[in-house]
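Enquirer: Given the coordinates of chain D, assemble chain Y onto it according to the supplied hints.
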Amino acid sequence: MIMETQLLWMLALPLLGAVAIGFAGQSHPNIREAITLLTSVSLALLVWSLFPEVLGGARPEAHLVSILPGISLQFKIEPLGMLFAALASLLWIVNSIYSIGYMRGNNEHHQTRFYICFAVAIFGVMGVAMAENLLTLFVFYEVLTLSTYPLVSHKGDAKSVASARVYLGILLATSMGLFLPAIIWTYAVTGTLAFTAGGILEGNIAGPAIGLLLALFVFGTGKAALMPVHRWLPAAMVAPTPVSALLHAVAVVKAGVFTITKIVVYIFGIDFLAASPSGGWLVYAAVFTIVTASFIAMRQTNLKRLLAYSTIAQLSYVILAAALLMPLSLMAAALHMVAHAFGKITLFFAAGSIYTASKKTELAQLHGIGRRMPWTMGAFTIGALSMIGIPPTAGFISKWYLLTGSFQAENYIAMAAIVVSTLLNAAYFLPIVYSAWFKAETEAPTIDHREAPLAIVIALSITALLTVMFFWINQPALDLAAQMVGVK
Amino acid sequence: MIASHWPALQVALPLLVAPMVMLLRGATLPWLAALVTSFMAFAIAISMASTVLEGEVIVYAVGSWPAPVGIELRIDELSALLLLIVTGASSTTLLAARNSLTAELEPERHMLFYAAWLLALSGMLGILVAGDAFNIFVFMEIASLASYVLISAGSDRRALPSVFKYLIMGTIGATFYLIGVGLIYMMTGTLNLADMESRLAEVEELKPIMVAAGFITVGLALKAALFPLHAWLPNCYTYAPHIATAFLAACSTKIALYVLLRFDFVVFQGNLIGHDVQFSGFLMPLALIAILVASGVALFETNLKRLLAYSSIAQLGYIWLGASFVSKAGLTASVVHMFNHALAKGTLFIAVACLGLRFASLTLQDLKGAARFMPWTMAAFVLAGMSLVGVPGTAGFISKWYLISAALEQGYQGVVVIAVILISSLMAVAYLWRVVEAAYFGEALTSSSSTTAEKMSEAPPLMLAVVWVAALANVYFGLDSTVPLALSEQAATALMEHLR
Chain D
104 MIMETQLLWM LALPLLGAVA IGFAGQSHPN IREAITLLTS VSLALLVWSL FPEVLGGARP
164 EAHLVSILPG ISLQFKIEPL GMLFAALASL LWIVNSIYSI GYMRGNNEHH QTRFYICFAV
224 AIFGVMGVAM AENLLTLFVF YEVLTLSTYP LVSHKGDAKS VASARVYLGI LLATSMGLFL
284 PAIIWTYAVT GTLAFTAGGI LEGNIAGPAI GLLLALFVFG TGKAALMPVH RWLPAAMVAP
344 TPVSALLHAV AVVKAGVFTI TKIVVYIFGI DFLAASPSGG WLVYAAVFTI VTASFIAMRQ
404 TNLKRLLAYS TIAQLSYVIL AAALLMPLSL MAAALHMVAH AFGKITLFFA AGSIYTASKK
464 TELAQLHGIG RRMPWTMGAF TIGALSMIGI PPTAGFISKW YLLTGSFQAE NYIAMAAIVV
524 STLLNAAYFL PIVYSAWFKA ETEAPTIDHR EAPLAIVIAL SITALLTVMF FWINQPALDL
584 AAQMVGVK
Chain Y
3 MIASHWPALQ VALPLLVAPM VMLLRGATLP WLAALVTSFM AFAIAISMAS TVLEGEVIVY
63 AVGSWPAPVG IELRIDELSA LLLLIVTGAS STTLLAARNS LTAELEPERH MLFYAAWLLA
123 LSGMLGILVA GDAFNIFVFM EIASLASYVL ISAGSDRRAL PSVFKYLIMG TIGATFYLIG
183 VGLIYMMTGT LNLADMESRL AEVEELKPIM VAAGFITVGL ALKAALFPLH AWLPNCYTYA
243 PHIATAFLAA CSTKIALYVL LRFDFVVFQG NLIGHDVQFS GFLMPLALIA ILVASGVALF
303 ETNLKRLLAY SSIAQLGYIW LGASFVSKAG LTASVVHMFN HALAKGTLFI AVACLGLRFA
363 SLTLQDLKGA ARFMPWTMAA FVLAGMSLVG VPGTAGFISK WYLISAALEQ GYQGVVVIAV
423 ILISSLMAVA YLWRVVEAAY FGEALTSSSS TTAEKMSEAP PLMLAVVWVA ALANVYFGLD
483 STVPLALSEQ AATALMEHLR
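Protein chains in written order, with our numbering: chain D, 104 to 591; chain Y, 3 to 502.
Bound-form chain Y, shown alone:
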């Protein structure tokens, strides 16, 4: 009986628990509450994903008011996969959060952090289940505002100007999105995405829709940190509390991408003539530049977190690149890379959180010899790094393989794309190798103020367990990718069906 309400509970549960967490005191209780809630959301996501895997799209009419009058929640393959990513990333990182956060935030304020976490979670989940453009906007705001809090929660004051920049950029992005939605509402009189698609077919004057497509694409690209709109991201990831970085890096930017895919393929592609060419002509060059430039910056970055942040921008480029092919293979690669990148980057940042417990500064210089004190953490880091590079046997390889196969379908253009992918893979090897070399082959600085001998030990067992589960998940999904692949392929097929 209750199972029929999963779509609503998926969002409502963290949303309702968030204020309750505020009432709890200390470092443990709020954490436990958030953890349990997150895992319940994860369980709901798994249950819905298994339903969707059988080929059924879950549609939930809020208050039993059918769409387009009422609010419709809609979970298809694409949203099911992203629900899994978000709830999975949240649960995994929360497991490690207590140890990591205690070092960065006084216990009295932990409940604020966890409340914001749950709000961010609920906002992201809301975007994913919402079937109409306006609710997507509302949840986007919830998720964004909560993320600002998460990023600025740490002890590093440099997070404040960074998050202010993010706030400005994020607000511009959200406003652009809202302008676009407003234009479409003006022309169609509906906010429901599926309804928009069918009503747009009858609209004769398409210019406002074109403008709307422009606003929505740019606004969401800002939120998703597509090059050259990525400027807010590196500092936010660098100065946020480590565990918040892990959570946000695994999923937040992908949500904006998800909304864009939704909008573009469901609403625009079928109705705007030549839109697919515009879409790929706009995104493909940007994606390629993002991949090369961000990898290049990562090559020379000295702070580990910022290095990984630039790597994220490059990896997001892969996801955009796959989508810009506007083909089933390309979309499959794109969507499956959302999953695989979340796995790899999440693991890397959890490992960073482990390192952060022992090292006050996370520059490569200070991390020299880290592997001697923290062999398990660094081994997990290397494993996840291999997945990021796309070594066969890890999750990253699956997405690279599909991406290259999709590029091969593109003819001569594809050769350039493949060259870029391979060059950037090499660059990824190079920038990760710098970390490996520092940690494994560098001699530790003896007189470093931050690194006294007694502090030098492995991370706490719970965090180690989490990072290893995450690292092994990279291997597992590299060897048996059935579930994410099935969901991605079905999602790609469903999106391509709108193109007719």
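Chain D extracted, bound-state conformation:
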């Protein structure tokens, strides 16, 4: 019973936080930021207190309300959702510290709106993570989409509003035009929408329809940024960096791949999908996205856009891992969600730190910046190593499982894609790292700067530390992932 109420509190806390932030408002910025921190810390405590329970096999459920016969807003924590919620709530704390430094350091306007929308977005993430059925997931998926629009368009100038419209347009159009029909189709053939171990579609749908339904689901989940529905992600880079960091490296995009993984595991069922030849295309779509996005990333000159394309490629790692349908590869999907989150948030934090201290955004400007900002570039280096998958960083762990999984599946195309993209990752990240540390500054910067504000440095050091720590301490995540695929 306690755990049930705990689930509802996980939803209520961010919302209450949003309201309280609104009341504190522009006139009491210190109280407002204190509320943000307090809310994020208490949410993380709440989520993490469930972690051992779920690890021990508990699957707490909470029923909110029934909308239609057989369909209700209902929550249930299963291993993957636990992992996602734990990840998002942990990084929200770090990101809040960072946001304070960034928003104040850059004198951003509308800070209250920013923090409110952020809290509401986290509410959406919690709902997505805990959804017991597809409809609940869909509702919170849309909450997440809508609540992040003001964050993306934060600057309010014509360019960011136009980009934010692309963002909103693609995410809403795919979800309402493809995802929702897929949900209704699923309901029409199965009569249920609940995430069930082993899937619900087996025996209810056959032949090419399986591939089609999978396509509706996968492309309907625009947040997963599988090509060709990836364009919103580079567009969203107009947002302030904390938004890019938490939402477009962790919460929003991970909600996408999380949804796809859940649908593959709990709606289709691994065995059913593996036995259906028409579902096999997903591997190749993911491979295509990985390689193409990596090539595009190489051609970028703007740091944040490069990170965006790197994210697109990395997200498709998760999709590829899920699509390989092997126990080990599915574990890799879960692990990579975590590993990539730690690494990419560090990289974004570093990008924002550079911007705050020096207003630099382009790669060509970064020569020799490591000497001025050793902490920032140190963290950046760790993040980059993790993206490539070099030990001792988080990226190595997930890549290891992904490669083992593709061996298991005997899918050599997937393996080749992983190898090629690793090389490409190295090819676009290492030059940045090299020139930042070892090249001389080409021109004296307009601002004679040192490190970014303390809050920013603290935040990016924490995430860099997490990236390294995950290499050593990953057993709990592994156990949860193993529970999800049912090997134990």
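Derived by calculation from the structure, the hints in this document are not laboratory data. Every residue, glycine too, gets a C-beta built ideally from N, C-alpha and C. Treat the hints with care, as some may be off.
Beta-carbon label-pair distances, calculated as ranges [to be verified]:
1. Y:V471 / D:T507: 52 to 62 Å
2. Y:A421 / D:E305: 49 to 59 Å
3. Y:V417 / D:Y387: 51 to 61 Å
4. D:A291 / Y:E499: 24 to 34 Å
5. D:E156 / Y:S363: 53 to 63 Å
6. Y:E445 / D:H552: 26 to 36 Å
7. Y:A45 / D:P311: 54 to 64 Å
8. Y:T304 / D:V269: 21 to 31 Å
Part of the chain D face toward chain Y, derived, beta carbon under 8 Å [said to hold, decoys possible]:
9. P132
10. I134
11. A165
12. V168
13. M279
DMTMM-like mimics (lysine to aspartate or glutamate), calculated; alpha carbons at most 20 Å apart, straight line [unchecked claim]:
14. D:K258 / Y:E445
15. D:K462 / D:E546
16. D:K462 / D:D260
17. D:K179 / D:E164
18. Y:K330 / Y:E499
19. D:K258 / Y:E439
20. D:K262 / Y:E499
21. D:K462 / D:E554
22. D:K262 / Y:E439
23. D:K262 / D:E465
24. D:K463 / D:E544
25. D:K542 / D:E465
26. Y:K209 / Y:D278
27. Y:K370 / D:D260
28. D:K179 / D:E107
Expert: Relative to chain D, chain Y alone:
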């Protein structure tokens, strides 16, 4: 004892109070009288709905003369639900009417407005309780004439040509209806709908009945603003006093739809062979075009009220679409959407009335930054907008879900229908988003003549309370849709029974 006379009182009460309102002076007294009357009618409707929910059809013989000789009032599930919609919408909007109307009409003439309101109300209720075709016509005229007055009552002179257009169109519609009824009377000798149904079975020459069906369908489609007969609607909604728009948008067009459903399913479907195919073959394409075209127009509309008016035409398309499936699921979707759309659109227009108090012009350009001054109004607007789009957890979702489920029963044809529904949902998101973007993210025009700084504040508390009650009702009926769903399903079952 008096409860047995509810069906008659439902209509008679507002009809009798209307002339009395004329005697009251000032802005407050007529409003109070109309408000109290409307709420009493609402209470009667609730009481009758609870009786009908138990499975009992209320039949009332006026003057104790039994049908078919006497006039019969008849309240089944369908009419009970619509009675709830009409009286509920009237009571809710009347609550907000005083504040809103004072800004648009000098107090000396308020009593005329409220008298017309009560007449319109009584006319609509009369259509819903009447069991025979001729009384439906009479009440339709009462409701229409009173609506013309309501629409033209405001200070905007552009309402006059609009309402004249409506008058011409409405009269053509009513005449077509009357021609149809006349033809049927000629062939059967009765005006009672139930009686028509049984007597038609014995009529051998069905051609006049076919013609009658044509006249009645087109005439009512005109009144209900079915595409392409909708031309009168946008301007009327745009230039009418805001609160009158809210009332009429919530219920008036649905009444014509109700009459058509009645006529078509009770009288025609069972007796005319192949009529169901004609019915759906005629209505489904029109409904689909209405949905797409009207949503498309709304996408580019710059005046908020006209944008919502076009959205209404599109939403009416959903209601027609559900009916055109001629299936139980389709009718359920159609009827429940009457309820849900009334909720959503009523709320939106009450929010517009709140905005109208503070903004002289309701173009999106002028509404920029409105949310900063009126956060509560705009929040209610967004909530109701979500219901209109069909976001899960709001009333609109229930009807969308049922509509799509009904379409799924239709096979390949259904796929096209579903595609249209989804595309139009996206269009609804887009056109409502334009409002949201202007109000929330637009920078207010500093030098606008209509918007001086001191005028910029929230709407009066009473109006805010009303709009929020209405907005929360959208959420409530999205989470617990038992009552409207039960009534709709029973109504659909009852209508389908006539098909045999």
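Enquirer: What hint numbers does the structure not satisfy?
Expert: 2, 3, 9, 10, 11 and 20
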